[in-house]
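**Q** Per the working numbering, the very first residue in the sequence shown carries number 9; after that it's consecutive.
Hints in this document: simulated from the structure, not taken from any laboratory.
All figures in this text were calculated on a predicted structure; none of them were measured in a lab.
Take the hints with a grain of salt, since some may be wrong.
For lysine-lysine, the following DSSO-like pairs were computed, each having C-alpha atoms within a straight-line distance of at most 30 Å [as the list claims (entries may be wrong)]:
#1 K96 to K31
#2 K96 to K74
#3 K104 to K74
#4 K104 to K31
#5 K31 to K74
Simulated DEER-style distance windows between Cβ atoms [stated by the list, open to error]:
#6 A111 to R77: 16 to 24 Å
#7 M76 to G41: 15 to 23 Å
#8 M76 to A111: 27 to 35 Å
#9 G51 to G88: 27 to 35 Å
#10 S14 to K74: 25 to 33 Å
#11 V112 to R77: 12 to 20 Å
#12 D20 to S44: 33 to 41 Å
Where a beta carbon is used, it is the ideal one built from N, C-alpha and C, also for glycine.
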Amino acid sequence: MSVADSVEGTWDLSISTPIGRIKAVIELRDEGGTLSGTAHGAGEEVPLADLALDGDQLVWRQAITKPMRLNLAFTMTVEGETMTGTSKAGRLPSSKVTGERRAVPAAAEG
């Protein structure tokens, strides 16, 4: 099992920000031993940059344009089917982030 296997999949994220709770989805894939991913939210899809997994620590950066233009840095701890951590946007305070992996439909296995 590669390191990426432990985090591969579709994750539903909830980010608690000063302007309210923001829902986002990230998709993580193992592409030939390299972890890659994309984020979906607020009608846009953006690639995850500097994506790295070290033990149970998952980090990445992403740029968004909605609700405002921000560069976000995520630091998450993965525990099985959940992840918790923070998202930081420049000088703004960190926002708490929780995530849950979507169950894989039985028909998609094997």
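**Q** All the hints need checking, so say for each whether the structure fits it.
**A** Hints and how they fare:
For the given pair, K96 sits about 16 Å from K31 by alpha-carbon distance, which is consistent with the 30 Å threshold. At roughly 15 Å between alpha-carbon atoms, K96 and K74 fall within 30 Å of each other, so this suggested pair holds. The suggested pairing of K104 with K74 holds, with an alpha-carbon distance near 18 Å, which does not exceed 30 Å. Proximity of K104 to K31 is assessed by CA-CA distance (about 12 Å); at most 30 Å being required, the pair is judged to hold.
The straight-line distance between the Cα atoms of K31 and K74 is roughly 12 Å, inside the 30 Å bound, and the hint therefore holds. Checked against the hint of 16 to 24 Å, the C-beta distance between A111 and R77 comes to roughly 34 Å, which is inconsistent with it. At roughly 36 Å, the beta-carbon separation of M76 and G41 lies outside the given 15 to 23 Å, and the hint is violated. At roughly 33 Å, the beta-carbon separation of M76 and A111 lies within the given 27 to 35 Å, and the hint holds.
Between G51 and G88 the beta carbon distance is about 30 Å. The supplied range of 27 to 35 Å therefore holds. Restraint check, S14 to K74: a C-beta distance of roughly 30 Å satisfies the suggested window 25 to 33 Å. In this structure, V112 and R77 break the distance hint of 12 to 20 Å, their C-beta atoms being roughly 34 Å apart. Between D20 and S44 the CB atoms are about 19 Å apart, so this pair departs from the stated range of 33 to 41 Å.
Comparing the model with each numbered hint stated earlier shows that hints 6, 7, 11, 12 do not hold.
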